[in-house]
Amino acid sequence: MRYPKRHALLSALALSVSLFSCAGFAATKLTLVEVITSPARTEMLQKMLTAYKAQHPDVEIEVVSLPWGQAFEKLGTMIQSGQYPDVVEMPDTWQGLYASNGMLADLEPRLKSWSGTPDLTDKTLTMARSSGGTATMIPYGFYLRAMFWNKKIFQQAGLTDAPKTMDEFMADAKKISGLGNGISGYCLRGGVGGTNAWMMFMAAMNGSPDFFDKDGNSTLTHPGAMKGAQFLVDMYQKGYAPKDSVNWGFNEIVSGFYSGKCAMLDQDPDALIAIKNSMNPDDFSVAPMPLGPNGKAYPTIGYTGWSMFKQGKNQDQSWDLISFLSNKENNLTWSKFVGTLPIYKGAEQDAYYHAPQFAGWFAELNSPDYIPLTMPTHLKGWGYFNSVIVKDSSQETLLGQNDTESMVKDWAKYLTKEQKAWLATQK
Amino acid sequence: MMLEVSPPDTAAAPRFPRLRALLEPWVYLSPTMVLIGLFIFVPMAIGISYAFQNIQLLNPFDTGWVGLDNFRTMFDDRHFYAALRHTFNWTATSLILQFALGLGLALLLNREFPGRRWVQALVFLPWAVPAFLSGLTWAWLFNPVIGVLPYWLTDLHIISEPYNILSDPTLALYGPVLANVWFGIPFFAITLLAALQSIPKDLYEAAAMDGASGWQQFCKVTLPFLAPMIAITVMLRTIWIANFADLIVVMTDGGPANSTSILSSFIFTTAYRKLDFGYASAMAVFLLVLMTLYALVLLRIRHQLLK
Numbered sequence: 012m013r014y015p016k017r018h019a020l021l022s023a024l025a026l027s028v029s030l031f032s033c034a035g036f037a038a039t040k041l042t043l044v045e046v047i048t049s050p051a052r053t054e055m056l057q058k059m060l061t062a063y064k065a066q067h068p069d070v071e072i073e074v075v076s077l078p079w080g081q082a083f084e085k086l087g088t089m090i091q092s093g094q095y096p097d098v099v100e101m102p103d104t105w106q107g108l109y110a111s112n113g114m115l116a117d118l119e120p121r122l123k124s125w126s127g128t129p130d131l132t133d134k135t136l137t138m139a140r141s142s143g144g145t146a147t148m149i150p151y152g153f154y155l156r157a158m159f160w161n162k163k164i165f166q167q168a169g170l171t172d173a174p175k176t177m178d179e180f181m182a183d184a185k186k187i188s189g190l191g192n193g194i195s196g197y198c199l200r201g202g203v204g205g206t207n208a209w210m211m212f213m214a215a216m217n218g219s220p221d222f223f224d225k226d227g228n229s230t231l232t233h234p235g236a237m238k239g240a241q242f243l244v245d246m247y248q249k250g251y252a253p254k255d256s257v258n259w260g261f262n263e264i265v266s267g268f269y270s271g272k273c274a275m276l277d278q279d280p281d282a283l284i285a286i287k288n289s290m291n292p293d294d295f296s297v298a299p300m301p302l303g304p305n306g307k308a309y310p311t312i313g314y315t316g317w318s319m320f321k322q323g324k325n326q327d328q329s330w331d332l333i334s335f336l337s338n339k340e341n342n343l344t345w346s347k348f349v350g351t352l353p354i355y356k357g358a359e360q361d362a363y364y365h366a367p368q369f370a371g372w373f374a375e376l377n378s379p380d381y382i383p384l385t386m387p388t389h390l391k392g393w394g395y396f397n398s399v400i401v402k403d404s405s406q407e408t409l410l411g412q413n414d415t416e417s418m419v420k421d422w423a424k425y426l427t428k429e430q431k432a433w434l435a436t437q438k
Numbered sequence: 011m012m013l014e015v016s017p018p019d020t021a022a023a024p025r026f027p028r029l030r031a032l033l034e035p036w037v038y039l040s041p042t043m044v045l046i047g048l049f050i051f052v053p054m055a056i057g058i059s060y061a062f063q064n065i066q067l068l069n070p071f072d073t074g075w076v077g078l079d080n081f082r083t084m085f086d087d088r089h090f091y092a093a094l095r096h097t098f099n100w101t102a103t104s105l106i107l108q109f110a111l112g113l114g115l116a117l118l119l120n121r122e123f124p125g126r127r128w129v130q131a132l133v134f135l136p137w138a139v140p141a142f143l144s145g146l147t148w149a150w151l152f153n154p155v156i157g158v159l160p161y162w163l164t165d166l167h168i169i170s171e172p173y174n175i176l177s178d179p180t181l182a183l184y185g186p187v188l189a190n191v192w193f194g195i196p197f198f199a200i201t202l203l204a205a206l207q208s209i210p211k212d213l214y215e216a217a218a219m220d221g222a223s224g225w226q227q228f229c230k231v232t233l234p235f236l237a238p239m240i241a242i243t244v245m246l247r248t249i250w251i252a253n254f255a256d257l258i259v260v261m262t263d264g265g266p267a268n269s270t271s272i273l274s275s276f277i278f279t280t281a282y283r284k285l286d287f288g289y290a291s292a293m294a295v296f297l298l299v300l301m302t303l304y305a306l307v308l309l310r311i312r313h314q315l316l317k
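These protein sequences, in sequence, are chains D and C. As numbered in our numbering, residues 12 to 438 make up the first sequence, in order. As numbered in our numbering, residues 11 to 317 make up the second sequence, in order.
Certain hints may be false.
For lysine-lysine, the following PhoX-like pairs were computed, each having C-alpha atoms within a straight-line distance of at most 25 Å [to be verified]: (1) K287(D) <-> K123(D); (2) K225(D) <-> K438(D); (3) K428(D) <-> K317(C); (4) K284(C) <-> K424(D); (5) K85(D) <-> K284(C).
Note that these hints are calculated values from the structure, not bench results.
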């Protein structure tokens, strides 16, 4: 009598196990963390995910939206506590940290077999592999710096065109600031996110996009680079940038530009969204960055993309989602929406990117005189350098509490130490 | 010779009456003590232990006990001293203004006037707004592109032209201070109003009959009655303000050039941007000791006042 009972029990158990495993198979649950958020952006992402889910009814996607201001800490805390998201929106500034800690999945084998790979631009693949040479993310677009200029104010100051060299840039800023009425030449970003401008102007005056020599010593202390830093300090201290701008972040520089408080702004295509909404398109234009003494400029290039964690449980499904978000059609929709330059060859042929405002960026992309400057984001300490060290010490210098030379020396010391530590891990 | 051993007391009397009497209250208290220990002291002890360790999230494999190294770094760090100075400035200015205005408001609300209930309810408003939101709102008010404050400050000849004082290292701290004063007045107004209403009215009648002026009544009747309440509210508020970095982080992020970074915002930056939890904990322990000493002094003063 006991055997049949046990048999029944076992069958019930087997049945429930198979039912549960079927259910598990039927619904793969993916977690996607987005870190640069706005309600409109999240809505756009959800729209794309809905299209994905329509094709994959067996996949559930949970979107975790972290507001940018706290995203770094929150994602860090999630990972510390072992909650690895499957797919994560990865900014270039964090790629180095996560990739060098060995947390990001190697995408090389997947890129080999993906149909989209041959159409990606070389720059896209370079950025994907920028940490340690192995692809750890698929960028979804580029943020390339170019110079917005206010045609109306230029006209008032008797100027006809955007500055082409650094000298012209300083001279134009001086002329415009002379107009009075609280109008300044340059919308300086002295607060959060100002690092790019410092590095860009230092590279332009130094005539090199390299941050380090082959031994890992920082090149920021080279006399040319030092001149570049002094260039920005002079711009502020001589009153060619608004007094407030020592603390300006993205929103302030963009609103400073469209409200006519300052006439020149170096920014990425994403600033165009707000500026287009608030200014007459005939009143402003976007020119390539001014050239340095060696006839070259080094506009910074930034990118963000999709990565997956090694520890994620659903590797194949995660890649499938990333390749869907990154396919030609979706990437173009997303790039236009978030204001980046797309990752595929020939995307500038699209009608949207034909608008005259984009000419400055494509001129930079197509001329050998403009060499995109990539930040050394492979350094573990880059995030802190970028968001705290540069901000605090450059503000001290702009306000005259410190001198340019010791500021740059401090930066060089920090970066040299970081680079040497990184080089040691590469041997 | 035989030893005489008296038989044990057979009654239900306890074996060790003194010990039992001593232990009994502790047994009753034990659930509370276990809970307090678990949820307050254990995390605190762990936090304090971080101060003596090297815990940098960017170098997760380079951890270990470092003794007083973090404290040595702290006492060599000019940013720490600047933050300490700003903490005193921020706390004292905010506290004095909050207290003076809160007391004034409480005295006004202690009188009968039409619509007093409505006013009383309105006074609570700043308290109901999340700190993050009030920080953002105040930051916008100080922005000359969209806010009005720079124009008012110019009209009052406090600044020479309408610019954002949050970008001026000498004035920036007063932006968050103003927001904090707005935010903190209700606390003093409500608590002091409650204390005012508990003062017997006949004391004022007696004082008036003796010919005391309004000011004398305030000094000789109101203040002595309010003193213990003032001591306790001032103590609580000081600790809250000194630890309250939300408005500063939202409005200035410690800038420009660290001119508004206070100890708690500096601790936040060190822990969550530099990811150096060891050093951040060392500063947190310093702040904890400072606040504990301050609380002890104020509790002593309150004790004297109650005598």
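Structure-based check of all given hints:
{"no.": "1", "hint": "K287(D) <-> K123(D)", "in the structure": "40 Å, violated"}
{"no.": "2", "hint": "K225(D) <-> K438(D)", "in the structure": "14 Å, holds"}
{"no.": "3", "hint": "K428(D) <-> K317(C)", "in the structure": "62 Å, violated"}
{"no.": "4", "hint": "K284(C) <-> K424(D)", "in the structure": "17 Å, holds"}
{"no.": "5", "hint": "K85(D) <-> K284(C)", "in the structure": "14 Å, holds"}
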